[in-house]
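With chain Z fixed as given, assemble chain U with the ligands onto it according to the hints.
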Amino acid sequence: METMIETDGLTKSFGKENEIVAVDSLTLQVGAGEIFGFVGPNGAGKTTTMKMLIGLLEPSSGSGRVAGFDIVREVIRIREVTGVLPEPAGYYDNLTARQNLRFYGKLYDIEEKDREERVVELLKLVGLGHAIDQKIGGFSTGMLKRFGLAQALINEPSILFLDEPTSGIDPLGAQEMRDLVSNLSRDRGVTVFLSSHSMTEVEEICDRIGVISKGRLIAVGTVEELRDMVREKEGVSYLLEVSGLAAKEVALALERIGRVHSVEVSDGGIRLLADKGARMEIAEVVKRSGGAVTRFEGERMDLQRVFLRLIGA
Amino acid sequence: MKQNINNIFTIAQKEFADNVWSPRFAVLMFIFLGISFSYTYKIKFGSSFIDAVQTIAIFAPAIGIALGFDAVVKERRRNSLNVLLTHPVFRDNIITGKILGAMMTLALVVFLVIAVITGTSLIISGKLANFSELSRLFIFGILTFLYLLVFLSIGIFTSVITKSEINSLTCGIIAWLNLCVVFGATVMIIATVVTGYSLFDMDDNQQFRELTYDLQKLSPIHHYAEASIGVSDLSMGSIINQETIKGVLDTSYTLGEWAGEFWENVVVLAVISIVLIILSYLIFLRQDITR
Ligand SMILES: Nc1ncnc2c1ncn2[C@@H]1O[C@H](COP(=O)(O)OP(=O)(O)OP(=O)(O)O)[C@@H](O)[C@H]1O
Ligand SMILES: [Mg+2]
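Keeping their order, the protein sequence lines are chains Z and U.
Counting in this note's numbering, the first sequence runs from 1 upward without gaps.
Counting in this note's numbering, the second sequence runs from 314 upward without gaps.
The hints are simulated quantities; they were obtained by calculation from the structure and are not laboratory data.
Treat the hints with care, as some may be off.
Simulated pairs of lysine-lysine, PhoX-like, Cα-Cα distance not exceeding 25 Å [claimed, not checked]:
| no. | chain 1 | residue 1 | chain 2 | residue 2 |
| --- | --- | --- | --- | --- |
| 1 | U | K476 | Z | K16 |
| 2 | Z | K135 | Z | K106 |
| 3 | Z | K113 | Z | K135 |
| 4 | Z | K106 | U | K355 |
| 5 | U | K315 | Z | K106 |
| 6 | U | K387 | U | K476 |
| 7 | Z | K124 | Z | K113 |
| 8 | Z | K16 | Z | K214 |
| 9 | Z | K135 | Z | K124 |
| 10 | U | K327 | Z | K135 |
| 11 | U | K559 | U | K355 |
| 12 | Z | K124 | Z | K106 |
| 13 | U | K530 | U | K559 |
| 14 | U | K327 | Z | K113 |
| 15 | U | K476 | Z | K106 |
| 16 | U | K327 | U | K476 |
| 17 | U | K387 | Z | K135 |
| 18 | Z | K113 | U | K315 |
| 19 | Z | K248 | Z | K287 |
| 20 | Z | K287 | Z | K276 |
| 21 | U | K387 | U | K327 |
| 22 | Z | K233 | Z | K276 |
Some chain U residues flagged as far from chain Z (calculated, every beta-carbon gap over 12 Å) [claimed, not checked]:
| no. | residue |
| --- | --- |
| 23 | T431 |
| 24 | G432 |
| 25 | N480 |
| 26 | N518 |
| 27 | F575 |
| 28 | E577 |
For every residue, glycine included, the Cβ atom is placed at its ideal position computed from N, Cα and C.
Extracted from the complex, chain Z is given alone in its bound form (with noise of 0.2 Å):
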């Protein structure tokens, strides 16, 4: 698959005497057609990650590459290829969609009668066919996004940057666009890159994520990669129900095998924290004290948990 982003060592660091570091070595790809989440608490250096991508800031150090263009020397280059939904955005309140599409559409070489067709078709496209001559100053958030990711579409890319789509607006509305978003991905081959603060909401539409926190890159893969990590760090949950003995007994027997970090007994059975290969042990340890399993469920840990878990919280 051709790499469509690229960054190699990305760092940016603010203040005086640089001590404040945004982004931290950040080396990642995206390939071609790809979702890409881009996930981190706030602060964590998503914002700061785009704007060195579309050549906003200027890195520190290391080197990045976007549709193969560099990005602290061809700036306009990529910018011509990409479109993107910068948060916070602002667009003019006296203009109308139409009017403000319009002059985004004026700075690309676009023959004027395809730049008034494709504002109408992009504006209805994201939903917001009722209120194409509708002044700007009066939409609200959801409609201000939705604008937003018209905008960043003017120049048909083939990169898309969404800082936080969805922030800020309703269910519904973020359900719509997330769907817009895959859409694009699956008919046009759209690569999107776009950053969130919460996994269960980019899980659905991305194909790999990258979770980052206080700067650095912590984890790359897609949701279940990123749940094995989890559990290869800390263990699998497990939910374990004995027939023909007593549960305390299995507990202190499961106690002694080294693989299992803790076990508690509970109404609904008992509860253990194993490492991920442990199993033919456990269930091996159990009959051999003299007990049958009955139930033996790996707990399937919830996004949130495996995102607060990778960032260490």
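Positioned in the frame of chain Z, the structure of chain U with the ligands alone reads:
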């Protein structure tokens, strides 16, 4: 390159339209054209043309400030600069476009003012200006444009260096009041304090007068007043030194003679604007505008 020029025009065009259609601009123009009309009209009743020029000299700079003060700061504060910069435009295209758009508006202002003044004179005297007067009027228009451009540049400059529109406007208004309105009075006070003489020491105020005229050179209003009607100041309460050539509209001298006498004033006006604009450029290009 072609796209760059295109972008500059796109931005300039938008700036021009924004200005012209803004209620603020309409109100200012309405008031100002009204004043120009009434002053010119009063000429009929013995008032001199100098009054009409004085109105321009004192009040029109407010329009210059109004056109410039929010040019950059507003876009930055409303985060529209954040969006604009994600499109393929260079920063210098943005500021160039803005300055150009504001200058276009200013040209329109000057044109309207001159049109009102000539129109009114026409109504009063009932005759069309002859060709030589038209060309003089044209030069007067350019002078007025250059003069107001200084204030537009001040507005642009404060819009680049300040963090909010209100700060920028405050700086602009302070500059305007000091340079155009109370300037003459301030100069007089300084001259009095420094020399110990005053205007009322009839016999021995040579030193006082010389210092006054020197100090007057510090304000754009002096250079405008000199070149347009041949007086050394037009701000309120100022002491005036009358030149032999009464400015560009004085038909008893040729335009060549006028230029020989006043070219320095014209150059000074242009240089002030150029310096301010260059400074605005340099600061804007180095600014972290994404925050
Ligand atoms: N221009 C700047 N000057 C100084 N510090 C900055 C600047 N820009 C960003 N920072 C700091 O860099 C860090 C990362 O900021 P960034 O905006 O990239 O975070 P983020 O992940 O986008 O957060 P959020 O989810 O709140 O948008 C923060 O600590 C921020 O304060
Ligand atoms: Mg951010």
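Evaluation of the provided hints:
1. U:K476 / Z:K16: Holds: U:K476 and Z:K16 sit about 20 Å apart, inside 25 Å.
2. Z:K135 / Z:K106: holds, 19 Å
3. Z:K113 / Z:K135: holds, 22 Å
4. Z:K106 / U:K355: violated, 48 Å
5. U:K315 / Z:K106: holds, 13 Å
6. U:K387 / U:K476: At roughly 9 Å apart (the allowed maximum being 25 Å), U:K476 and U:K387 satisfy the hint.
7. Z:K124 / Z:K113: holds, 17 Å
8. Z:K16 / Z:K214: holds, 19 Å
9. Z:K135 / Z:K124: Between Z:K135 and Z:K124 the Cα gap is close to 16 Å, so the pair holds against 25 Å.
10. U:K327 / Z:K135: holds, 15 Å
11. U:K559 / U:K355: Within the cut-off at roughly 20 Å; holds.
12. Z:K124 / Z:K106: holds, 19 Å
13. U:K530 / U:K559: holds, 18 Å
14. U:K327 / Z:K113: holds, 19 Å
15. U:K476 / Z:K106: Status violated; Cα separation ~29 Å.
16. U:K327 / U:K476: holds, 23 Å
17. U:K387 / Z:K135: Given that 25 Å is the threshold and the Cα spacing comes to 18 Å, the pair holds.
18. Z:K113 / U:K315: holds, 20 Å
19. Z:K248 / Z:K287: holds, 15 Å
20. Z:K287 / Z:K276: holds, 20 Å
21. U:K387 / U:K327: Between U:K387 and U:K327 the Cα gap is close to 14 Å, so the pair holds against 25 Å.
22. Z:K233 / Z:K276: holds, 9 Å
23. T431: holds, 33 Å
24. G432: Answer for U:G432: holds, closest chain Z Cβ roughly 31 Å.
25. N480: Label holds. Min Cβ-Cβ 19 Å, cutoff 12 Å.
26. N518: Check passes; 55 Å lies beyond 12 Å.
27. F575: Given that every Cβ of chain Z is farther than 12 Å from that of U:F575, nearest at about 41 Å, it holds.
28. E577: holds, 42 Å
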